[in-house]
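Engineer: Residues per chain, in single letters:
There are 2 protein chains.
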Amino acid sequence: MSSKKVREWIDQKKDKIIDDLVEFLKIPSVSTDPKYSGDIMNAVKFLSSHCKAIGLDTKVIESDDGYPLVYAEKIVDPNKKTILFYGHYDVQPPDPLDEWESPPFSPSIRDGNIYARGATDDKGQLFIHLKAVEYLLESNDLQTNVKFIFEGEEESGGETIEAFVIQDQGKLLACDAVFISDSAMYAPGYPSVVYGLRGMVYTEIRVSGPSNDLHSGVFGGPVVNPANALALIIGKFIDEESGKVTIPNFYEEVKDIEEWERKEWAQLPFDEKKYKESIGVPELAGGEKDYSILERIWARPTCDVNGIFGGYQGVGGKTIIPAWAGAKVSMRLVPWQTPENIFNYFEHYVRYLAPVGVNVDVELLSVARPVLINLEGEIFRLAENAIEEVWGRKPVKVREGGTIPIVSTFFETLGVPILLVGFGLPDDGLHSPNEKFSLNQLFKGIETVSEFLVAVGNL
Amino acid sequence: MSSKKVREWIDQKKDKIIDDLVEFLKIPSVSTDPKYSGDIMNAVKFLSSHCKAIGLDTKVIESDDGYPLVYAEKIVDPNKKTILFYGHYDVQPPDPLDEWESPPFSPSIRDGNIYARGATDDKGQLFIHLKAVEYLLESNDLQTNVKFIFEGEEESGGETIEAFVIQDQGKLLACDAVFISDSAMYAPGYPSVVYGLRGMVYTEIRVSGPSNDLHSGVFGGPVVNPANALALIIGKFIDEESGKVTIPNFYEEVKDIEEWERKEWAQLPFDEKKYKESIGVPELAGGEKDYSILERIWARPTCDVNGIFGGYQGVGGKTIIPAWAGAKVSMRLVPWQTPENIFNYFEHYVRYLAPVGVNVDVELLSVARPVLINLEGEIFRLAENAIEEVWGRKPVKVREGGTIPIVSTFFETLGVPILLVGFGLPDDGLHSPNEKFSLNQLFKGIETVSEFLVAVGNL
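Heads up: the protein sequence lines correspond to chains A and B, in order. Residue numbers for the first sequence follow the working numbering, beginning at 1 and rising by one. Residue numbers for the second sequence follow the working numbering, beginning at 1 and rising by one.
It is worth saying that the hints were derived from the structure and are not from the lab. The structure presented is a predicted model; accordingly, all values stated were derived computationally and were not measured. Accuracy of the hints is not assured; some may be wrong.
Since the list gives no way to pick one copy over another, a pair counts as held whenever it fits inside one copy or between any two copies.
Calculated cross-link-like contacts (lysine-lysine; reagent style DSS-like; alpha-carbon spacing at most 30 Å) [stated by the list, open to error]:
1. Lys318 to Lys274
2. Lys236 to Lys276
3. Lys74 to Lys276
4. Lys35 to Lys255
5. Lys16 to Lys276
6. Lys394 to Lys318
7. Lys289 to Lys236
8. Lys289 to Lys318
9. Lys276 to Lys318
10. Lys273 to Lys289
11. Lys394 to Lys255
12. Lys318 to Lys397
13. Lys13 to Lys273
14. Lys244 to Lys26
15. Lys45 to Lys318
16. Lys13 to Lys26
17. Lys273 to Lys318
18. Lys236 to Lys318
19. Lys318 to Lys255
20. Lys318 to Lys26
21. Lys244 to Lys318
22. Lys263 to Lys397
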């Protein structure tokens with residue numbers, strides 16, 4: 001049993017592992033705002049140095065108009081199987097800053113968790129793969145070829161890696177399976193394999209009226225107020241009775257949930273009261289009434305306002321008709337909705353809903369295809385076994401509500417199984433203030449990946 | 001005829017009048033931003049010195065937590081009529097600074113206009129009253145008691161004068177009519193008397209959902225999105241077909257437009273094409289379809305979003321369900337809507353519209369009562385005659401869409417006619433860059449007020 005050996009190694013290296021992760025988390029590598037581009041380069045430097053330091057052949061793949069990819073590999077034997085690990089070194093913006101108990105880029109360890117932006121999404125989780133391989137290299141037990149590809153645009157569209165994977169056509173990235181840890185376990189103690197992801201269409205709507213802000217007394221009445229008009233448009237996106245999105249043809253391509261899925265999910269523990277409390281909402285009254293909570297999140301599409309803005313936002317009042325108002329609106333897609341069709345339907349619908357008297361622009365900011373992975377074959381079984389060995393139970397088969405755009409590209413380009421095995425926990429607060437990652441999950445994750453690689457090496 | 005004499009006086013004094021006004025306009029007495037409070041005090045000093053210099057008994061009325069009032073009077077004979085002039089020495093902020101052709105606080109004379117922040121609103125216009133009285137004092141023709149009350153918070157809530165007028169209960173401010181020049185003529189060559197102002201209820205709505213921003217993938221579906229919910233609520237405020245505000249009982253207290261008003265306003269020149277171009281809107285499609293443009297602005301209530309905000313507002317995308325979203329929403333009221341009732345109806349309506357799954361707060365930020373002045377009696381006729389003599393035509397009787405909160409307080413407290421006779425022009429750009437005041441309007445204004453005071457003195 002290698003399991004005991006890897007646990008000992010982790011025990012000895014604990015402080016060093018945490019120290020390294022802290023250094024990584026200190027870098028505010030926010031990809032959605034150009035002002036952080038210097039920090040992005042610092043994250044690239046950190047990550048490539050780290051890969052070299054643990055003994056991987058490493059190179060930075062520059063991009064003309066995007067952020068670099070970091071590629072690293074250890075080919076132990078061309079006849080052996082190859083696992084490609086994917087992760088992302090960029091993070092979400094940290095706002096609202098005043099809601100963080102410790103600053104987002106000054107990692108803080110409390111109650112067995114490390115708190116920082118990117119702790120679980122995805123710096124902490126990609127560290128699992130690196131540390132597992134570091135262990136196997138140090139102990140001379142690496143019998144599987146490993147490749148790593150890290151991108152810096154996961155939170156901002158992922159165009160660079162998308163283009164690279166398509167251009168590469170499985171040459172540099174040739175492998176027998178892709179292993180990704182960028183998700184959470186279903187629940188503590190419930191190791192999970194994710195076989196479905198939602199896709200996305202992310203848009204920005206801008207409603208324009210007068211050329212300048214107008215005095216709301218002198219002009220109020222005949223002038224159509226762009227902020228009222230924006231609300232009028234957005235307010236119609238969801239049917240109040242059914243909870244369904246009202247965009248014409250929106251559900252046309254949606255694949256029905258299968259019977260085995262309904263059953264598997266219905267058996268999962270789900271404490272609605274606790275769930276509501278954990279996120280602080282009075283009722284789970286959103287989405288389609290005909291579907292269970294998990295079904296709504298995992299297998300049904302949505303239309304959410306991610307941001308809304310226009311006019312006066314300061315203290316007190318300012319009596320203006322704002323010249324314009326806008327909103328970020330994104331739709332989560334499920335198999336087999338196509339982003340192109342959905343954006344097309346959406347744009348037409350927004351224009352149709354816009355009242356006379358204002359102009360409307362609809363911009364497409366990013367897209368991602370939904371994914372559904374077939375859970376069969378040898379490598380999936382090995383992963384399932386490694387998980388069972390470390391966690392004491394077989395993984396549950398779940399989908400996720402989130403989006404990992406690159407997964408669908410791997411899926412289509414490499415034609416190999418994709419193992420989405422996340423070690424986060426549901427309350428990690430990714431994309432929110434006080435994002436965290438459990439150190440216990442980190443260490444057991446390293447153990448799991450090490451077990452898996454050893455098993456693949458024995459094939 | 002005194003008219004010739006006052007014109008001669010103006011002709012001789014022209015340069016001095018302009019020089020004095022320039023000195024006054026140089027003071028950046030912005031009341032909405034505390035950093036200008038020293039300049040506010042400089043404006044108080046300038047104004048009180050100036051009142052003394054022209055022979056008025058003057059005092060500064062300090063305020064505990066607001067800016068001082070300047071009071072000045074000349075009681076020529078207790079048996080004569082008394083006119084109270086109101087004006088304000090504070091000005092709007094000058095931003096956006098880069099759109100000014102000459103700096104806002106370096107008055108510049110071009111094409112017969114004086115350009116500066118406050119030129120028309122209200123320093124130039126209150127100067128009309130002072131110069132008319134200065135002329136009558138110099139020529140020993142003042143046969144009317146005059147009082148002046150100047151405030152420094154007209155652009156920031158007017159709380160000090162409000163409290164003072166209510167506390168004074170018509171003692172210091174006892175008069176036979178109030179004369180205010182803080183508005184514009186309907187059009188060049190169309191001297192105007194404003195007899196109606198809209199009131200206001202200014203509110204802030206806040207819709208709260210989850211205790212933190214949530215990942216829109218991980219939680220999107222069952223969670224009611226507060227920004228979508230806010231849009232749902234606001235989107236229902238105005239009926240799309242009729243353009244009417246949908247708040248129950250909203251129109252209950254609205255006084256119908258009278259036949260003579262419809263006729264008077266229908267005869268006013270109104271170039272819809274030019275109007276649309278001047279504010280840059282494609283159509284004047286807002287408000288109640290059954291009313292003309294002027295009727296919608298002057299005599300019908302509105303419900304406008306002045307600002308809307310929530311979630312991510314930066315560059316690119318952030319995939320969150322925002323924890324909350326809010327909006328500044330104000331309603332312009334017409335006679336005889338009462339702010340208390342309207343806020344009550346509004347608050348109930350917002351709560352009624354809010355979907356299950358979010359919490360709603362509605363805060364009242366400020367109110368002002370609408371005003372409708374009865375245009376009858378001797379003093380109005382004298383003003384009408386003075387205007388006709390100077391401008392060659394009787395004033396048109398108009399209302400205004402804006403709100404002058406102090407007018408309703410004078411109205412209720414003093415119980416005397418209020419003459420809203422503005423000498424600005426519609427293109428003066430008050431509250432905007434390149435605010436100006438026409439020197440011709442200034443001089444004819446002085447003539448008009450002098451004529452009026454002479455006529456009142458002969459009563």
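Engineer: Between Lys236 and Lys318, at a C-alpha cutoff of 30 Å, which is it: within one copy, between copies, both, or neither?
Structural biologist: Result: close both inside a copy and across copies, 27 Å intra and 22 Å inter.
Engineer: Within a copy, between copies, both or neither: which one fits Lys394 and Lys318 at a CA-CA cutoff of 30 Å?
Structural biologist: Neither: 59 Å inside a copy, 34 Å across copies.
Engineer: Checking Lys318 and Lys274: alpha-carbon separation at most 30 Å within a copy, between copies, both or neither?
Structural biologist: between (41 Å within a copy, 26 Å between copies)
Engineer: Within, between, both or neither: how does the pair Lys273, Lys289 come out at a Cα-Cα threshold of 30 Å?
Structural biologist: For Lys273 and Lys289, only the intra-copy Cα distance (17 Å) is at most 30 Å; the inter-copy one is 49 Å.
Engineer: Given identical chains, is Lys273 near Lys318, meaning Cα to Cα at most 30 Å, within a copy, between copies, both, or neither?
Structural biologist: Between copies only: 28 Å across, 41 Å inside.
Engineer: Check Lys244 against Lys26 for me: Cα-Cα at most 30 Å, and say if that holds within a copy, between copies, both or neither.
Structural biologist: For Lys244 and Lys26, neither the intra-copy (42 Å) nor the inter-copy (54 Å) Cα distance is at most 30 Å.
Engineer: Are the CA atoms of Lys394 and Lys255 at most 30 Å apart within a copy, between copies, both, or neither?
Structural biologist: within (26 Å within a copy, 74 Å between copies)
Engineer: Is it within, between, both or neither when you check Lys236 against Lys276 at 30 Å Cα-Cα?
Structural biologist: Intra 26 Å, inter 28 Å, cutoff 30 Å: intra and inter.
Engineer: Have a look at Lys289 and Lys236 and pick one of within, between, both or neither, based on CA distance no larger than 30 Å.
Structural biologist: Cα proximity of Lys289 and Lys236: in one copy and across copies (17 Å, 23 Å).
Engineer: Given a CA cutoff of 30 Å, do Lys35 and Lys255 count as a within-copy pair, a between-copy pair, both, or neither?
Structural biologist: Classified as neither; 41 Å inside a copy, 56 Å across copies.
Engineer: What label fits Lys318 with Lys26 when the C-alpha limit is 30 Å: within, between, both, or neither?
Structural biologist: For Lys318 and Lys26, only the inter-copy Cα distance (21 Å) is at most 30 Å; the intra-copy one is 40 Å.
Engineer: If the cutoff is 30 Å on CA atoms, where do Lys263 and Lys397 land: within, between, both or neither? Let me know, please.
Structural biologist: So Lys263 and Lys397 pass the 30 Å test inside one copy only (11 Å; across, 75 Å).
The structure is inconsistent with the numbered hints 3, 4, 5, 6, 13 and 14, although it conforms to all the rest.
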